[in-house]
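K.L.:
One-letter residues, chain by chain:
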Amino acid sequence: MSAKTLFEKIWEAHVVHEEPGMQTILYIDLHLVHEVTSPQAFEGLRLAGRRVRRPELTVATMDHNVPTTDRSLPIADPVAQKQIETLRRNCQEFGIKLYDLNDPRQGIVHVIGPELGYTQPGMTIVCGDSHTSTHGAFGALAFGIGTSEVEHVLATQCLLQTKPKTMEVRVEGELPPGVTAKDLILYIIGRIGTHGGTGYCIEYTGSTIRSLSMEQRMTVCNMSIEAGARAGMIAPDEKTYEYLRGRPMAPKDFDRAVAQWEKLPTDPGAQYDRSVQFQAQEVVPQVTWGTNPGQVVGVTDVVPDPDSFPDPNDRKAARRALQYMDLEPGTPIEQIRIDRVFIGSCTNSRIEDLREAARVVRGYRVAPGVEAMVVPGSGTVKRQAEQEGLDRIFREAGFQWREAGCSMCLGMNPDVLQPGQRCASTSNRNFEGRQGKGGRTHLVSPAMAAAAAVMGHFVDIRNWEYR
Amino acid sequence: MPLKPFRRHTGVVATLDRVDVDTDQIIPKQFLKRIERTGFGQFLFYDWRYLPDGSENPEFELNRPEFRGASILLTRRNFGCGSSREHAPWALEDYGFRVLIAPSFADIFYNNCFKNGLLPITLSEEQVEELFGRVRRRPGYQLTVDLEQCRLWDQEGLEFAFTVPEFQRHCLLHGLDQIALTLQHEDKILAYERRRGIGA
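Sequence lines, in order, name chains X and Y. Once you know that position 327 of the first sequence is 327 in the working numbering, the rest is easy, because the numbers rise by one and skip nothing. Going from the second sequence to the working numbering is simple: count from 1 and add 467.
Just chain X, same shape as in the assembly:
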């Protein structure tokens, strides 16, 4: 047998049918559903008189448009309310397990999937959300799909897919102190570009990746889509198995499952279509300055001059971005003042992220004039944080402590930036208007966001005085 990559092994194990002139019919092991990209899919099923083929392989929650304030109050936005009720009704009608708004385990779909043990190595996982790549951290093939594909999976438990190419992103060495998985992935995106991974499934390899915790690996895989790759994955290992052991949905015969999972990692000598390599030592805390995640520099750098880009399209994009962001070339990143701080999103709202941010905040106050909020990724994360007293640290420092949801990562709920406001955000997209029309987003790690909240501007977390 020829040497195979992790991706190839999973792909081949899920091929239902192949024939010339047709895309591959690929079996889907886990379908995650949320309120925003599913209503039209369920409606399509109803119109065609189709059923959900495998409701037991389908899990739903509401996360995108839900308020993060008091859940006992009715939802103020009637359109959001209707979308939530629609998911509720659809799950009931088609027999799908729903983690409803009042369920203590409700949360961001990419946080609760792993947390509850649904996400497992070797699986094919899809969701009508581009950050489904998060689940690749477990050695799963996980990618985002559109609503037509959501309907396709609901009806057939399969997808028609063209096999992507494979790309190895190897990172070697130890990340310097203060440099996190978020900085690493922003650095990688900055290097390969926002379309560097288009057409590929990325596998992250190397000693740096191996040394990351499961939550850090999720942060890395989560932003694969920001490099253009639909999926990003990391081979499962002891950390993966230890994370999963004892989770509610983990396999009952766990040792047997592990024996299978151990066969998944890429064989020695297997070929990728493309390989790139980075040194962890070179990574410093990252801050985006523009309106896509590839427009990023180190915290000790300055806002770049658009004329410094060799490509005329990049020059034009940089000019537009600086105008939107209201930034001058040459401005030191550390002099950029902020109005808001958002700690949350499927990229950085897990317990380790909150611990890291709380460690920075402890003993400090949020700077005058700055509004800062923490939105845990799930009810489970929130309770864990409260047991550890993190909520107290945040509240005493002047942060708002919210209920779980996607919140201001995309501002579909009432958590939005006002026009012109500048935000240090642990989320994944700094697109124009992403966090609110006219809002300006700088993507950073949780520790960097916390430090910015305290100082009122970006600072190099490597020099932080922890209290």
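Calculated from the structure, these hints are not laboratory results. For clarity, every value in this text was computed on a predicted model and none was experimentally measured. Even glycine gets a Cβ: it sits at the ideal position worked out from N, Cα and C. Hints may be right or wrong, so weigh each one.
The following label-pair restraints were derived from C-beta to C-beta distances [as the list claims (entries may be wrong)]: (1) 238/X <-> 517/Y: 48 to 58 angstroms; (2) 651/Y <-> 12/X: 18 to 28 angstroms; (3) 262/X <-> 651/Y: 36 to 46 angstroms; (4) 653/Y <-> 262/X: 29 to 39 angstroms.
Computed footprint of chain X on chain Y; a stretch qualifies when at least three of its residues, placed anywhere within it, have a C-beta under 8 angstroms from a C-beta of chain X [said to hold, decoys possible]: (5) 487-497; (6) 502-509; (7) 538-546; (8) 578-590; (9) 620-634; (10) 649-657.
Go by the hints and put chain Y onto chain X.
P.N.:
Relative to chain X, chain Y alone:
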């Protein structure tokens, strides 16, 4: 759902001269709360297209008189990056676009287009540049796009061949319902599930 078939289309070309246009720009999030699949055209490029007072932004390309009624959008690299929201192709299609031309498209968006009767065509940077030049020089510039022959041309002798994945081309030409196609292989899905003990 069966698609609107696409064979040949002639229409005015509008340009959007920007790289990395993300789906948040194509259809901002405030319009994703609707549970319908139609009516998104009015919200296409909303934050670029309209000023804060709700009037049209005269600076925005698609608001130019010569681009009114355009059905072919010519743009730059990595169009449709970001979120998987199919609302983006819904909005483009509902606005009146049938063809998109760019040097590259984001993967999820590219897939979503084919499922909605929208044809994304990838051309080289040079070919895209040539088309941008022609649109600039000739207001009301039109292209004819033929999916059967995989060629596009104008009335001045320019002609480019393009490639589209064969299966997507076939589905679009015939307006096929992909779920129905997959369900023709129901026996194989069942056999696969039996082999894995799924649903047992």
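K.L.:
With a C-beta cutoff of 8 angstroms, work out whether three or more residues of the segment 620-634 of chain Y approach chain X closely enough for the coverage to hold.
P.N.:
holds (count 3)
K.L.:
Take the segment 487-497 of chain Y, compare each residue's beta carbon with every beta carbon of chain X, and decide whether three or more fall closer than 8 angstroms.
P.N.:
With 7 residues closer than 8 angstroms to chain X, the segment 487-497 of chain Y meets the three-residue bar; holds.
K.L.:
Against chain X, does the segment 578-590 of chain Y show at least 3 residues with beta-carbon separation below 8 angstroms?
P.N.:
holds (count 4)
K.L.:
Quick check: do three or more residues in the segment 649-657 of chain Y have a beta carbon closer than 8 angstroms to a beta carbon of chain X?
P.N.:
Coverage by chain X holds for the segment 649-657 of chain Y (5 residues, Cβ < 8 angstroms).
K.L.:
Does the beta carbon distance between residue 653/Y and residue 262/X stay inside 29 to 39 angstroms, or does it fall outside?
P.N.:
34 angstroms, holds
K.L.:
For the segment 502-509 of chain Y, does the count of residues with a C-beta closer than 8 angstroms to a C-beta of chain X reach 3?
P.N.:
The restraint on the segment 502-509 of chain Y holds, since 3 of its residues have a Cβ under 8 angstroms from chain X and three suffice.
K.L.:
Could you see if the CB distance from residue 262/X to residue 651/Y stays within 36 to 46 angstroms?
P.N.:
37 angstroms, holds
K.L.:
Can you tell me whether the CB distance of residue 238/X to residue 517/Y sits inside 48 to 58 angstroms?
P.N.:
Check passed, 54 angstroms falls within 48 to 58 angstroms.
K.L.:
Taking the beta carbons of residue 651/Y and residue 12/X, is their distance inside 18 to 28 angstroms?
P.N.:
Hint holds: Cβ distance 22 angstroms, inside 18 to 28 angstroms.
K.L.:
For the segment 538-546 of chain Y, does the count of residues with a C-beta closer than 8 angstroms to a C-beta of chain X reach 3?
P.N.:
With 3 residues in contact (Cβ-Cβ under 8 angstroms with chain X), the coverage given for the segment 538-546 of chain Y holds.
This entry satisfies every hint, going by the numbered hints stated previously.
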